[in-house]
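Residue numbers (this note's numbering), protein chains in the order written: chain L, 8 to 418; chain F, 41 to 297.
If you're looking for bench data, these hints aren't it; they were derived computationally from the structure.
Among the hints, erroneous ones may be present.
[Claimed, not checked] Below, computed lysine-lysine pairings styled on DSSO-like, alpha-carbon distance capped at 30 Å:
1) L:K299 with F:K103
2) F:K222 with L:K126
3) F:K222 with L:K299
4) L:K186 with F:K175
5) F:K116 with L:K126
6) F:K222 with L:K186
7) L:K244 with L:K126
8) L:K299 with F:K280
9) L:K85 with L:K121
10) F:K103 with L:K186
11) F:K110 with L:K283
12) L:K186 with F:K123
13) F:K236 with L:K299
14) L:K23 with F:K175
15) F:K110 with L:K299
16) F:K280 with L:K186
Chain by chain, the residues run as shown.
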Amino acid sequence: MSEVKTSIETDLVSLKHPDERGYYGEFGGAYIPEMLFANVEQLRLIYQEVIDDPAFQAEYKSLLRDFVGRPSPLYLAKRLSEIYCTNIWLKREDLNHTGAHKINNTVGQILIAKRLGKKRIIAETGAGQHGVATATVCALMGLECFVYMGAVDIERQAPNVARMNMLGATVIPAESGSKTLKDATNEAIRDWINNAETTHYIIGSAIGPHPYPDMVTQLQAIVSEEIAYQLTAQTGKEYPDYVVACVGGGSNAAGAFYHFLDDKRVKLILAEAAGKGIDSGHSAATSILGSKGIIHGCMTLLMQDPDGQIIEPYSLSAGLDYPGIGPLHAHLITTGRAKVYAATDDEAMQAVFELSKVEGIIPALETAHALAILSRIGAGKDDHVVVSLSGRGDKDLNTYMNYENIKDQVH
Amino acid sequence: MNKVRAKINEKQQRVLNVYFTAGHPTLDSIPSIAEGLQEAGADLIELGMPYSDPLADGLTIQKSSEVALKNGMNLKHLFDQVKQATASIEIPIILMGYYNQLIQFGMDRFLDMATTAGVSGLIIPDLPMFEYEAKFQKSFEDRNLGMSFLISPMTSDERILQAGRLSSGFLYMVSQSSITGKTQDISQEQHAYFDKVNNMGIESPRLIGFGIHNNETFETACKYSNGAIVGSSFIRALEKDASKAGIKTFVSSILNG
Chain L
8 MSEVKTSIET DLVSLKHPDE RGYYGEFGGA YIPEMLFANV EQLRLIYQEV
58 IDDPAFQAEY KSLLRDFVGR PSPLYLAKRL SEIYCTNIWL KREDLNHTGA
108 HKINNTVGQI LIAKRLGKKR IIAETGAGQH GVATATVCAL MGLECFVYMG
158 AVDIERQAPN VARMNMLGAT VIPAESGSKT LKDATNEAIR DWINNAETTH
208 YIIGSAIGPH PYPDMVTQLQ AIVSEEIAYQ LTAQTGKEYP DYVVACVGGG
258 SNAAGAFYHF LDDKRVKLIL AEAAGKGIDS GHSAATSILG SKGIIHGCMT
308 LLMQDPDGQI IEPYSLSAGL DYPGIGPLHA HLITTGRAKV YAATDDEAMQ
358 AVFELSKVEG IIPALETAHA LAILSRIGAG KDDHVVVSLS GRGDKDLNTY
408 MNYENIKDQV H
Chain F
41 MNKVRAKINE KQQRVLNVYF TAGHPTLDSI PSIAEGLQEA GADLIELGMP
91 YSDPLADGLT IQKSSEVALK NGMNLKHLFD QVKQATASIE IPIILMGYYN
141 QLIQFGMDRF LDMATTAGVS GLIIPDLPMF EYEAKFQKSF EDRNLGMSFL
191 ISPMTSDERI LQAGRLSSGF LYMVSQSSIT GKTQDISQEQ HAYFDKVNNM
241 GIESPRLIGF GIHNNETFET ACKYSNGAIV GSSFIRALEK DASKAGIKTF
291 VSSILNG
């Protein structure tokens, strides 16, 4: 889709891409041990050329259509809209093959990995959605797949572990630190150092050393590309007033925001996981509790102590249980382009049950954080609010059924 | 000239640099381990600043870092301990840590406290070379701190030369493309890589690290460089016996077999 410049775009610098060294303002870059440099550099030199190649685009788009099931619907949630006195549109990423937005990125990266001649794929996963999406494309392409997953997450996301096994992937438990997404990512990076020549690392979030945040963002940008034309087709309006997305590492929000980043008429809203409350000591509200520093190879906002030791976060939702945030998001937040709200476990759970009963859609726990803040964003009755319904709730059924019993526990 | 470079230049061959993690096995063990290493014949000490997320390190160093942090090690305490250690030993101490630790502490404050404590050099594996050159090289030189950059078998020739030029301490040749703590033998391909680097006309002395864990691997490394760095195997030895006698036995097993 061609990009229409509007009079609203007054800034000279587009927010859509980082600079040459991978910085969005003061965030981004590549802070990696030398043993990874050659791999990351190889990727940096070719990723844009590959993504822009018409042959790549043709294969990527055809897989998104025929394998993933895109475009995903943009659905006007009438009863939910009545409750919140505005017009709420759900971008149904939950209807994608494998049940979340994650597959958009893995389809793109597996094609890039093939161009690099890599035979072995590794990935990290929190909720298991990115792991399943990676295992799926590896099965599709006949590549070997290893997924690192925190031991705690393996327990709370058992159905996704079973899926990955069925798809032929090997799930490796990360036993260090908090045994969640941060530690799974550390282990995946160490695997990549040990197997640099044979292996491509498919990072699932808009995080990591440059070019990952930009590459993942571009591979998720299909979401906002569709929102733009679907909204126009259904309402005649060419832009939404609000786009709301939950954020852990940030791939979902990056994709939902991308085509609107430079259009200041569109308010960009992020929903973070407050866990048991921002000041409870059990939270994953990175932008509020975090400060500038380095995590997983990029300069961004992260939760850390004064000595720079990374603090173990907490959220009931495995996909948001991460102490950092993508560098693009850190830039959007610190410059005021995006606004952040935090939703607690309890608020997210209420939103799960509300959407299920009111609209007949059981959302993923991660996604529910975006639904949980809708009353707070200030949308009026004529506004059009697009919520990225990033994933479906099947994987969380166990949590949903047992919430009353488990809500007083902290992992 | 900084103390790290001076020490290697003076000895030239069979330089032994031994790594251990600050705060492991116990919170206050830095001075006694440092003394033990000097008495046993080590030439340099590489002291790890324990970090929650040490990306380049294998399980042994990860675990030692976890123990150290649980013991209560932090940078202020580390500098206090290093100050005690440098009062009684003369071999140089090099600090190894991750860039985020220095950023949060404040780079100038960190360099000042390190200098005051008697630290002679630094290794920061995730600090990009261009960032060091643009922001910190002068501060290091002003304080006489030796900097050491890593290269691996996958590093391009251009970057090897750049790392050589910027390494005022020594050039750290990572023996294999891996995290720390591997114990394989050194392969033919690695020999070719060492030869290549040695014929590039790099002024900085070179030490080989990663996978050096016994006399055989130490001797091989010394054939291709000014010496070697031993880390994970010393951590494992300290876990069994951190006494000066235990340290002497370990260092002797590396130097003499």
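Results of checking the hints against the structure:
1. Taking the CA atoms of L:K299 and F:K103, the gap is near 26 Å; set against the 30 Å cutoff, the hint holds.
2. Under the criterion of a C-alpha separation no larger than 30 Å, the hint pairing F:K222 with L:K126 is consistent with the structure, at around 23 Å.
3. Of the supplied pair hints, the one linking F:K222 and L:K299 is violated, its CA atoms being roughly 33 Å apart against a limit of 30 Å.
4. The hinted pair formed by L:K186 and F:K175 fails the criterion: a straight-line CA distance of about 36 Å is larger than 30 Å.
5. At most 30 Å may separate the alpha-carbon atoms for a hinted pair to count; F:K116 and L:K126 exceed this at roughly 46 Å.
6. Annotation: proposed proximity of F:K222 to L:K186 holds, straight-line Cα distance about 23 Å (limit 30 Å).
7. For the hint linking L:K244 to L:K126, the alpha-carbon distance of about 46 Å lies beyond 30 Å, and the restraint is violated.
8. Restraint check for L:K299 and F:K280: not satisfied, since their Cα atoms lie roughly 39 Å apart, outside the 30 Å limit.
9. For the hint linking L:K85 to L:K121, the alpha-carbon distance of about 44 Å lies beyond 30 Å, and the restraint is violated.
10. Note on F:K103 and L:K186: the hinted pairing holds, with a Cα-Cα distance of about 14 Å set against a maximum of 30 Å.
11. Distance restraint check for F:K110 and L:K283: the Cα-Cα separation of roughly 25 Å lies within the 30 Å cut-off, and the hinted pair is therefore satisfied.
12. Between the alpha carbons of L:K186 and F:K123 the distance comes to roughly 36 Å, so the proposed pair goes past 30 Å and is violated.
13. With a CA separation close to 40 Å, the supplied pair F:K236 and L:K299 exceeds the 30 Å bound.
14. Of the pairs offered as hints, the one joining L:K23 and F:K175 holds, with about 28 Å between alpha carbons and a cut-off of 30 Å not exceeded.
15. The hinted pair formed by F:K110 and L:K299 meets the criterion: a straight-line CA distance of about 24 Å does not exceed 30 Å.
16. The hinted pair formed by F:K280 and L:K186 meets the criterion: a straight-line CA distance of about 27 Å does not exceed 30 Å.
Violated hints, listed in ascending order, are 3, 4, 5, 7, 8, 9, 12, 13; each of the other numbered hints is respected by the structure.
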